[in-house]
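As they're listed, the protein sequences go chains D and X. The end of the first sequence is residue 235 by the numbering used here, with every number in the run present. The end of the second sequence is residue 235 by the numbering used here, with every number in the run present.
Take these hints with a grain of salt, some might be off.
Intra- or inter-copy, both count: the list cannot distinguish identical chains.
[Claimed, not checked] SDA-like, lysine to any residue: derived pairs with alpha carbons at most 25 Å apart:
hint, residue 1, residue 2
1, K69, G56
2, K59, E163
3, K69, L192
4, K69, R33
5, K59, A168
6, K59, A162
By construction, these hints were calculated from the structure, which means they are not laboratory data. None of these values were measured; they are calculated from a predicted model.
Residues per chain, in single letters:
There are 2 protein chains.
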Amino acid sequence: MASSARILPHRPRKGDLTRQSILERASALASQVGLAGVTIGRLAEEMGLSKSGLFAHFRSKEALQEQVLLFASHRFIEAVARPAISAPRGEPRVRALFESWLHWARTGTARAGCVFVAASTEFDDQPGAVRDTLVRLQRDWLEFIAQAYRLAQAEGHFQAGDAEQFAQDVHGTMLAYHHASRLLGDPRAEQRARAAFEALLIAARGAGRATTAGSRKRRPGKEKARG
Amino acid sequence: MASSARILPHRPRKGDLTRQSILERASALASQVGLAGVTIGRLAEEMGLSKSGLFAHFRSKEALQEQVLLFASHRFIEAVARPAISAPRGEPRVRALFESWLHWARTGTARAGCVFVAASTEFDDQPGAVRDTLVRLQRDWLEFIAQAYRLAQAEGHFQAGDAEQFAQDVHGTMLAYHHASRLLGDPRAEQRARAAFEALLIAARGAGRATTAGSRKRRPGKEKARG
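If we strip away everything but chain D, and leave its shape as in the complex, we get (with noise of 0.2 Å):
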């Protein structure tokens, strides 16, 4: 799977514990205060470490911030692109995916605040080193999502579509989900990020209509307009 082979090797190297223990501290710092917050002299003071010791390590404040993405880049596809390619391939797969993705962001590292939709917004435009490496991890996870829809495609359960589209889409739905529930406190944010998922996969599979909007739970004939 080419894009699997692609995103998964970012696993730190051993013997690395003190620069793993840093990144830590460091990716907690960008859930907190975003990736741009996440400097040499800040990251040494929360750790109360010298800075000349710090900049051994990373050399610039662009290269640490490169290492936190990477970092939290690894966390991620072990909590979710690896769960995912042990389900079957095919609708399992690309629903295994999805709810590993809400477990990540709900009880993960995520739950202090996705360093990826913060330093989307942070890096956008700001060119250079770490928006590249931003861009790529980013363009790679919407590619492994594309990937598992062609599989399911392949393995004769979506029957037509776009993969790319598909994988805006669950990205679009997951971003919403993110913001009713960490800004908006929704308590409904999660179970409408479910229907809107169940509505693409229902069109995916070209069975019937979508059931966004709730129509799963609606009772024809109570439907009342509000407005």
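Let chain D serve as the given structure and place chain X on it in line with the hints.
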């Protein structure tokens, strides 16, 4: 229309031009560096004004950031909500809302990055007055979309469904468009956003199946699994 009445009155007072021009610059700054980066000191520096002068206007960083949100909200409402309200109620209004939103994202002040998208991740875990204002504005906007949906139900254009689900889905479509166009520079981002929106409309009408994942332009028999 309850929700439009709620979101429309944020007009700046007249005779307040200095404050207006300061907020204009502050808003532009927020588009570049995020709302959290808009401080009285930084703004004074950008505008060649004294910090004490700006303090006289805004008293605190938080008050400044709140005013920037209200200013940006006013612009957004003028550019997106007002044209929608000029369209006939029902599906035409829902469509006008989406069209003016896309237009605003492509060409308006949002071209430099949407203040609301950035602030949503900057402030989602920072309790306080700025976050409260942001949450109120974002809830009002989602309610505006939901209300347009309910009117379309009342007009008989949409058959069934949950208006809040529709609002979250359209918001996700816009967030994914923002990400794909601004960060990834994907030339097909807008085409996909439109396809996703059409699929939501079709589902809302309850007529036929959703056309998301690009099935608007699919040619049966020409689909190939690329996986």
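Hints, verified against the model:
{"no.": "1", "hint": "K69 <-> G56", "result": "within (17 Å within a copy, 29 Å between copies)"}
{"no.": "2", "hint": "K59 <-> E163", "result": "neither (54 Å within a copy, 65 Å between copies)"}
{"no.": "3", "hint": "K69 <-> L192", "result": "between (32 Å within a copy, 23 Å between copies)"}
{"no.": "4", "hint": "K69 <-> R33", "result": "within (15 Å within a copy, 28 Å between copies)"}
{"no.": "5", "hint": "K59 <-> A168", "result": "neither (55 Å within a copy, 60 Å between copies)"}
{"no.": "6", "hint": "K59 <-> A162", "result": "neither (53 Å within a copy, 63 Å between copies)"}
Of the numbered hints stated above, those contradicted by the structure are hints 2, 5, 6, listed in ascending order.
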